[in-house]
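Trainee: The primary structure of each chain is shown beneath.
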Amino acid sequence: MIRRLVLDVLKPHNPSIVELSEALSHLEGIEGVNVIIYEIDQQVENVKIVIAGSSINFESIEKKLRELGATIHSVDEVAAGKRIVEEVKTPQDESARI
Amino acid sequence: MSPIARRYFVKNGFDGSMTMLGIIVGSWVVRLEEPEIIVTAGLGACLAMGMSGLFGAYMTERAERTRHLKSLEATMLTDLSGSIISDASEFVSIYAAFVDGTSPILTALISLIPFFLTLNGTFVIWDAYIASFILTLATLFCLGLYLGRIAKENMLLYGAMTLAVGVITVVIVLLLGAI
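So the sequence lines, in the order shown, correspond to chains A and B. Residues in the first sequence are numbered from 1 upward in steps of one, following our numbering. Residues in the second sequence are numbered from 1 upward in steps of one, following our numbering.
Think of the hints as simulated: they come from the structure by calculation, not from any bench. Treat each hint with caution, since some may be false.
[To be verified] Lysine to any residue pairs mimicking SDA-like chemistry, simulated, CA-CA at most 20 Å apart:
hint, chain 1, residue 1, chain 2, residue 2
1, A, Lys-63, B, Glu-73
2, A, Lys-64, B, Lys-152
3, A, Lys-63, B, Arg-149
4, A, Lys-64, B, Arg-31
5, B, Lys-70, A, Gln-42
6, B, Lys-70, A, Glu-59
7, A, Lys-63, A, Gln-92
8, A, Lys-48, B, Thr-78
9, A, Lys-63, B, Ser-81
10, B, Lys-11, B, Arg-149
11, A, Lys-64, B, Ala-48
12, A, Lys-63, B, Thr-78
13, A, Lys-63, B, Leu-77
14, B, Lys-70, A, Lys-48
15, B, Lys-70, A, Val-44
16, A, Lys-63, B, Lys-152
17, A, Lys-64, B, Lys-11
18, A, Lys-64, B, Ala-164
19, A, Lys-48, B, Leu-145
20, B, Lys-70, A, Leu-68
21, A, Lys-64, B, Leu-72
22, A, Lys-64, B, Leu-77
23, A, Lys-64, B, Leu-69
24, A, Lys-64, B, Asp-87
25, B, Lys-70, A, Ala-80
26, B, Lys-70, A, Met-1
27, B, Lys-152, B, Val-30
28, A, Lys-82, A, Met-1
29, A, Lys-64, B, Arg-149
30, A, Lys-63, B, Ile-110
31, B, Lys-70, A, Arg-66
32, A, Lys-64, B, Arg-7
33, A, Lys-48, B, Thr-75
34, A, Lys-63, B, Met-76
35, A, Lys-63, B, Lys-11
36, A, Lys-63, B, Ser-86
37, A, Lys-64, B, Thr-78
38, A, Lys-63, B, Gly-82
The model shown is predicted, which means the values in this text are computed figures rather than measured ones.
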């Protein structure tokens with residue numbers, strides 16, 4: 001039972017992120033969608049999509065994105081289960097950076 | 001109306017009116033008195049312009065859209081067939097073809113109305129020439145007004161320009177007829 005999903009997606013300029021987020025938000029099991037553009041090229045743009053819901057179906061999201069002409073580059077975060085567990089910082093993370 | 005459809009509508013609508021203007025003034029120069037000939041020639045021209053617009057615009061738009069889609073696919077390294085982008089490309093081609101095919105038929109039929117009325121005895125042929133001439137120039141003027149509205153500039157100036165093109169054509173046809 002996926003509760004939160006963070007995706008790195010490549011999409012054409014059209015449909016816009018407004019249309020994309022609306023289309024995703026209408027899928028079953030999805031309660032909220034956030035789409036942020038972080039890179040724009042001449043024909044395409046990279047977006048980060050954060051999806052939250054009670055029961056997210058990854059296949060239906062993948063299918064909808066394909067219909068809209070977008071492709072998933074990577075799945076950057078998944079939170080599943082009865083409770084959303086946030087990322088935890090540990091001392092090892094800090095030492096790894098050094 | 002989308003920019004593509006607007007362009008096609010005005011461009012081919014203008015073609016339709018100008019073609020009919022040529023047929024009407026040319027027929028008047030040779031003192032043609034049979035409305036059947038003008039109506040038949042006019043409808044033939046309508047059909048030819050309609051078919052030309054329909055297939056010409058469809059093939060041109062489809063080629064351009066396919067090129068754009070392939071370029072997008074190459075950029076995204078993915079197959080976009082079955083996506084709404086691919087469906088939209090096909091729809092725009094058909095929509096542009098419809099507008100391009102119907103606009104010259106519409107404007108040409110406006111010019112032919114007085115000759116249709118002559119066929120059922122409402123008008124005498126010489127009145128039909130004058131009425132058709134006025135209707136055609138009015139259509140050209142209206143297309144100019146519409147262009148002015150699109151450009152958000154002086155509509156009357158645009159109307160006067162398209163009207164001037166019509167008047168110049170009439171003068172040339174009359175001069176050719178006088179030779």
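Trainee: Does each hint hold? Answer for all of them.
Mentor: Outcome of the hint check:
no. : hint                      : result
1   : Lys-63(A) with Glu-73(B)  : 17 Å, holds
2   : Lys-64(A) with Lys-152(B) : 40 Å, violated
3   : Lys-63(A) with Arg-149(B) : 43 Å, violated
4   : Lys-64(A) with Arg-31(B)  : 66 Å, violated
5   : Lys-70(B) with Gln-42(A)  : 15 Å, holds
6   : Lys-70(B) with Glu-59(A)  : 26 Å, violated
7   : Lys-63(A) with Gln-92(A)  : 38 Å, violated
8   : Lys-48(A) with Thr-78(B)  : 19 Å, holds
9   : Lys-63(A) with Ser-81(B)  : 13 Å, holds
10  : Lys-11(B) with Arg-149(B) : 15 Å, holds
11  : Lys-64(A) with Ala-48(B)  : 43 Å, violated
12  : Lys-63(A) with Thr-78(B)  : 14 Å, holds
13  : Lys-63(A) with Leu-77(B)  : 17 Å, holds
14  : Lys-70(B) with Lys-48(A)  : 25 Å, violated
15  : Lys-70(B) with Val-44(A)  : 13 Å, holds
16  : Lys-63(A) with Lys-152(B) : 43 Å, violated
17  : Lys-64(A) with Lys-11(B)  : 39 Å, violated
18  : Lys-64(A) with Ala-164(B) : 53 Å, violated
19  : Lys-48(A) with Leu-145(B) : 46 Å, violated
20  : Lys-70(B) with Leu-68(A)  : 16 Å, holds
21  : Lys-64(A) with Leu-72(B)  : 18 Å, holds
22  : Lys-64(A) with Leu-77(B)  : 18 Å, holds
23  : Lys-64(A) with Leu-69(B)  : 19 Å, holds
24  : Lys-64(A) with Asp-87(B)  : 15 Å, holds
25  : Lys-70(B) with Ala-80(A)  : 38 Å, violated
26  : Lys-70(B) with Met-1(A)   : 38 Å, violated
27  : Lys-152(B) with Val-30(B) : 42 Å, violated
28  : Lys-82(A) with Met-1(A)   : 8 Å, holds
29  : Lys-64(A) with Arg-149(B) : 40 Å, violated
30  : Lys-63(A) with Ile-110(B) : 50 Å, violated
31  : Lys-70(B) with Arg-66(A)  : 16 Å, holds
32  : Lys-64(A) with Arg-7(B)   : 34 Å, violated
33  : Lys-48(A) with Thr-75(B)  : 19 Å, holds
34  : Lys-63(A) with Met-76(B)  : 17 Å, holds
35  : Lys-63(A) with Lys-11(B)  : 41 Å, violated
36  : Lys-63(A) with Ser-86(B)  : 15 Å, holds
37  : Lys-64(A) with Thr-78(B)  : 15 Å, holds
38  : Lys-63(A) with Gly-82(B)  : 11 Å, holds
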